[in-house]
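Participant: Using the hints, position chain R against chain S.
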Amino acid sequence: MYKTRKVEIYASEIAEILNLTLTGEDFIVKYPGSLENLQPHTVVYSETLTPEIARQLKQTRNILMILRESYGLKAEGFSYLVSPRPRLDFVRILNESFVERDTRQSDPTARISTDAKIGRNVVIGAHSVIGPDVVIGDNTIVLNNVVITGKVVIGRNCVIKDNATLGSEGYGFEFDEAGEPIHVPYVGSILIGDHVWIGANSAIERAEIDDTVIAASVKIDDLVQIGQSCQIGEHTMIAAGTVVSARVKIGNHCWLAPNVSLKDRITLADDVLVGIGAVVIHDCESHNVYAGNPARLLRRRTQEDLKSV
Amino acid sequence: MSETKERIFTERVSPFLKQKMADLLARYGAADERYRALSLQYLKSPLEEAAAPESNLRHYEAEVVHQESALPKGIERLYRRTLVIEITISCVANCRYCLRQKYDLHTFTEDEILRVAKYCGSQGVREDLNEVLITGGDAFLVPQKLNLLVEALMRYAPNVTTMRVATRIPQQSPERVTDAILDVFRNKPGIRFEVATQTNHAVEFFQEVRECFKRLKEVVPTIYSQNVLLKGVNDTPEALLELYDTMRILGIEAHYLFHAIPLQGMHHFRTTVDKGLSLTKMITSSGIFSGRAKPMYAAMTDIGKIIFYEGTIKERDTKNNRLLLQSCYMLKNRREWNPSWQLPGSAQTDKQGYLQVWYLDGSQ
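Going line by line, the protein sequences match chains S and R. Here the first sequence is numbered in the numbering used here, starting from 1 and rising by one per residue. Here the second sequence is numbered in the numbering used here, starting from 1001 and rising by one per residue.
If you are wondering where the hints come from, they were derived from the structure by calculation, not from laboratory data. Every clue listed holds true.
SDA-like, lysine to any residue: derived pairs with alpha carbons at most 25 Å apart:
#1 S:Lys30 with R:Gln1019
#2 R:Lys1018 with S:Phe98
#3 S:Lys30 with R:Lys1018
#4 R:Lys1217 with S:Thr4
#5 S:Lys219 with S:Thr149
#6 R:Lys1188 with S:Pro108
#7 R:Lys1188 with S:Gly125
#8 S:Lys219 with S:Ile276
#9 R:Lys1188 with S:Arg5
#10 S:Lys219 with R:Glu1112
#11 S:Lys30 with S:Asn19
Next comes chain R alone, as it looks inside the complex:
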């Protein structure tokens, strides 16, 4: 057994972001919303070390363990049609609220990439699987490996016809989006590519970032952003309206607005779930903003994401500040798609066999 040690999540800010933060600080001062939107996301805070109820080290456990394929770590499956492939856990800048900050650092080797691709096309997997989310870390960090993975999937897993690639490099180091990355998406007939990104405040769309997304959209027409509701960064109607407005102008689709996950060191970022609900109502149903840019408000729970609809919150445990959330996931399906999946201690099944999970709320 190898000894496991806790990963120290270092502060890493890309030179591009460092320069932008310095410019904002010099121009507007430390109290300015735009500077704070970046500094809170990237600069290490002593609040991360403060005692808090949030104790999870991971967002969920869905690692696929498959002895025959000798799969490397970094393959997760919660859903029938989709597999998550973490090609590298490294990034050019470390977001302080990263949900994979405690994961072991690893970048796939060429051999591991081929094994993963062959697994995706293997009997018993290929029947259901038709989509992969290639993420990390940041998948754009290793363009050559990314291209190798895409080519290998095309060769060994023709059942995979949709590939989503997740990145924040356009916002963090737009100069790195060169032909090495654009070529990954060029001339791959039969594959639908989508780029998944994450933007939490409109200030992140600097001119260089906008130009970068323009280059990217020439090869991948569909770019969507999921955003995290972060206290002090975007937890106002104004900040969210500006964010979704800018995304719409740039042709970036709104996907999930995530309630900040109950991860260790995240307490200071976490609003209440209700605040998120109220903000979502305001930006989607108040008539002051176009419905064309509506995000889906969701929580990343121990059993995967749960979108908030009417009836999602089944119970409130005010003493422990937690909510029982109803999902439409079924335990038997989970084990069918990923036999190594274990029901977490926070989850239970209802009478119909659907999963429910206790979710730690944030604070005002």
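Isolated chain S, as found in the complex:
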């Protein structure tokens, strides 16, 4: 999805792009780097500054460090920028200067229905299948082996990772008089907002009648199952291995840790955080943290929770 850009950029340029102030010498930065492996001419970030990191910084020349505060540091051999959000600014400069979108055209092995409506700058990877009732918004990237069928509307600037399946038939059966399970035809739509991320091997099930809605800026990790007719609010994050059963409503800004299971038809209000491995069988109230099996209220959600996540 990304390719690296080979650039030589002054530390002061990075400061100016991020609207930060450079302390220390100006020098050329060539690569993004990490604290674990400090290399010269790199830009790195740290949320905190330990004596060990400070010692390493002084031993390696031409490091540009993005820090939360100056910690009374003397910029000797390295330079720094003070930012309220070091990692965020690191990501911003990475995106702006050191990487770029891989602009290869849609792969010739992709099977895209001629009736599908595909926006500008959409890239569709190898062996992906796009059905006739699919709409994909501008600048969305669909990686390899993705299957999108049924009535699916995807917004702008989304990413659908490898092997994801959207709109495949749902797991709905009605037992007849003889006890034979008869498949229920699923005819609903899946509506996905702008800037949504859907991870590898994740499945968004086709809706039975009522639409499945995944609002703008929702980020879904790999190996996640979203059942039919769910509604997921803006900016909600769902980590790997989570299973969301049918007709679940999840509010805005919720955070589901890995391997959470949500029982069908429950509602999570806004700003709910669910801990790792929790099995949620009841509704969850706003601004709370839930954990355990079955999940119980742990405490109110704090700003610290956001940072630790």
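Facilitator: Just chain R now, with coordinates in the frame of chain S:
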């Protein structure tokens, strides 16, 4: 009130230009015209600090102040159809004669970009506005933000159908013109893009630069260059002829040839206005050069650019070495397009309501 401090305009030369200057110096020596054409443009000179009549800190004031839209700094409007958007004030190399060298350093945030785009499409603005000049600094420095701005304008301001993007990165760091930048211009139906650049001497068109412009022209067919008349760099007929010839070969259109602005620290770069007029006549009307590459000779004054035609110079104040220039701008129009615009002290209106402005001349 935040305290304002004077911005120190540091010497910044991109690694590419540093290498080229070192090569030219080693090959031809410090007195060579080609080396001087680059070193004068980019290396800090003690002459910048010398006492001189040029005292302006900005070229003009045209900041758009709009409380409702909470616009960030960096939006300027002098003309009916066009808005100037300074997406970043940063550059990969600092030209010593930069007209925005005293501007506060700022790069638009994502939120500011969206606000600007929405302002461009708002009622009362969209009726006249159909063009933006996205500049800086260097708009190519922040390709992701540039793309976000273009996309946001397409979404929120469909009235904007022409977008000009200003850059010197092709001349200063051609290796940076990668897909991240080319993608900004690809696949944007309904938008006419133009790239505005600035080249002051033919030596700047190194092979890497030529290849870079070739890549760029594949996605933006229209590239034009405005050039600044700089003493010691290009103030000879030969230098200008070579410059415009090379531009023509590369398919870069000639736009304005600017008389160097009366900005603080610029005195040593400034020829007289008359010298520029004489050079322009020579390169456009002497028959020794094709008229296909004619620049428009202009001055960047306190009320905006004024192109020199017959009758433009209304009066000469020899005692103060200044010229009264006649414009076709009207005060009432200015205030209509940008209600926050103030008439500068150097300007006045004539009987018909057109603006005239006093302009400090350079020296021989």
